[in-house]
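Q: Here the protein sequences line up with chains G and S, keeping their order.
Residue numbers for the first sequence follow the working numbering, beginning at 1 and rising by one.
Residue numbers for the second sequence follow the working numbering, beginning at 1 and rising by one.
No wet-lab data here; the hints were simulated from the structure.
Any given hint could turn out to be false.
[Claimed, not checked] Covered by chain G, according to a simulated footprint, are these stretches of chain S (three or more residues, beta-carbon under 8 Å):
| hint | segment |
| --- | --- |
| 1 | 59-69 |
| 2 | 90-98 |
| 3 | 120-133 |
[Claimed, not checked] Simulated DEER-style distance windows between Cβ atoms:
| hint | chain 1 | residue 1 | chain 2 | residue 2 | range |
| --- | --- | --- | --- | --- | --- |
| 4 | G | Arg139 | S | Gly52 | 41 to 51 Å |
| 5 | G | Ile92 | S | Ser53 | 40 to 50 Å |
| 6 | S | Asp27 | G | Arg26 | 52 to 62 Å |
| 7 | S | Ser53 | G | Thr143 | 28 to 38 Å |
| 8 | G | Arg155 | S | Arg26 | 26 to 36 Å |
| 9 | S | Ala64 | G | Glu5 | 30 to 40 Å |
| 10 | S | Glu5 | G | Ala64 | 38 to 48 Å |
| 11 | S | Pro153 | G | Gly154 | 34 to 44 Å |
| 12 | S | Leu63 | G | Arg112 | 25 to 35 Å |
| 13 | G | Gln62 | S | Gly68 | 21 to 31 Å |
| 14 | G | Pro67 | S | Arg9 | 14 to 24 Å |
| 15 | S | Pro55 | G | Glu5 | 16 to 26 Å |
| 16 | G | Arg139 | S | Ser53 | 17 to 27 Å |
| 17 | G | Arg139 | S | Asp27 | 49 to 59 Å |
No residue lacks a Cβ here, since even glycine has one placed at the ideal position from N, Cα and C.
2 protein chains.
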Amino acid sequence: MSRLESFIRRLEAQRAVLERVIVVARDVPGMALELGLGNGRTYDHLRARLAGSRPIFALDRQLAAHPGCVPDAEHLLLGEFRDTLARLARRIGRSVALVHADTGSGDEPASRAQALQLPALLDPLLVDGAVVASDQDMRPRWTALALPEGIEPGRYFIWRRSSNHSPA
Amino acid sequence: MSRLESFIRRLEAQRAVLERVIVVARDVPGMALELGLGNGRTYDHLRARLAGSRPIFALDRQLAAHPGCVPDAEHLLLGEFRDTLARLARRIGRSVALVHADTGSGDEPASRAQALQLPALLDPLLVDGAVVASDQDMRPRWTALALPEGIEPGRYFIWRRSSNHSPA
């Protein structure tokens with residue numbers, strides 16, 4: 001498969017996963033979280049699809065997004081996830097229903113290691129029934145959900161925090 | 001349309017256009033040219049699809065491609081197109097049958113102005129029946145061909161240099 005085809009598949013998978021988690025979380029009240037704003041393309045997609053029905057917070061180490069895809073200052077948190085997620089938890093408490101995490105970088109070992117830290121940081125923010133999609137395997141205690149058809153296992157992950165959940 | 005969707009459409013259009021020009025130029029012997037190597041994704045696609053049946057020359061102002069998508073030194077020409085295309089014409093003469101040009105940058109007026117210079121630079125390289133695809137309107141004297149289905153007019157252009165052609 002050429003790099004062009006592989007890239008198209010990755011973006012199509014992102015789109016399919018976003019559509020899926022929006023539907024799965026439909027009846028769960030709460031806010032949305034974009035973990036790893038990056039260039040802002042998936043944030044823009046969430047924003048278009050959610051159409052104001054949920055506030056969206058975007059977190060990233062540094063701002064690198066297209067100017068049209070930058071949240072207002074109240075919804076943008078820059079810095080290390082361990083700091084920004086803890087800060088957000090103190091600010092809004094357990095009120096997030098939907099998370100899209102695109103946290104992989106070119107450095108695969110670092111990306112894998114970082115992903116393993118995320119469940120403990122995210123869990124205090126998640127309401128019962130919250131849905132988390134991620135390009136990295138966070139190995140959380142949440143329940144794994146099926147991927148949309150056509151997406152190879154391992155390319156994306158979807159989990160749901162169930163109400164009888166023991167903290168990650 | 002979200003930026004994610006718009007980007008997916010652009011890449012799908014690239015793929016469809018590449019598939020189309022490969023088929024249209026099938027019976028025209030000659031080399032291939034990637035004008036604007038960029039990150040190397042479309043070069044990689046051409047390389048995979050042509051499978052060695054045509055040598056591919058890649059031209060760009062500077063090298064910015066993924067390490068796996070960099071041609072060998074003989075097939076890579078860096079610098080301004082007016083210099084590299086002239087140099088290539090002196091080196092290989094009229095022996096190119098397929099051109100993919102992805103020369104648009106963030107600077108639209110500059111991209112449009114540059115595109116208008118390309119037909120005169122490209123024409124001395126093109127064999128009769130050569131096919132040129134471009135993300136910019138070069139306004140050449142070559143014959144416009146139809147786009148693959150589903151691609152909005154203006155997003156891509158395909159031309160054929162016919163044998164009864166008067167120089168651009």
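Q: Now look at each hint and say whether the structure bears it out.
A: These are the hints, each one checked on the structure:
no. : hint                              : in the structure
1   : 59-69                             : holds (count 3)
2   : 90-98                             : violated (count 0)
3   : 120-133                           : violated (count 0)
4   : G:Arg139 <-> S:Gly52: 41 to 51 Å  : 43 Å, holds
5   : G:Ile92 <-> S:Ser53: 40 to 50 Å   : 58 Å, violated
6   : S:Asp27 <-> G:Arg26: 52 to 62 Å   : 53 Å, holds
7   : S:Ser53 <-> G:Thr143: 28 to 38 Å  : 50 Å, violated
8   : G:Arg155 <-> S:Arg26: 26 to 36 Å  : 34 Å, holds
9   : S:Ala64 <-> G:Glu5: 30 to 40 Å    : 20 Å, violated
10  : S:Glu5 <-> G:Ala64: 38 to 48 Å    : 20 Å, violated
11  : S:Pro153 <-> G:Gly154: 34 to 44 Å : 39 Å, holds
12  : S:Leu63 <-> G:Arg112: 25 to 35 Å  : 30 Å, holds
13  : G:Gln62 <-> S:Gly68: 21 to 31 Å   : 26 Å, holds
14  : G:Pro67 <-> S:Arg9: 14 to 24 Å    : 21 Å, holds
15  : S:Pro55 <-> G:Glu5: 16 to 26 Å    : 22 Å, holds
16  : G:Arg139 <-> S:Ser53: 17 to 27 Å  : 46 Å, violated
17  : G:Arg139 <-> S:Asp27: 49 to 59 Å  : 54 Å, holds
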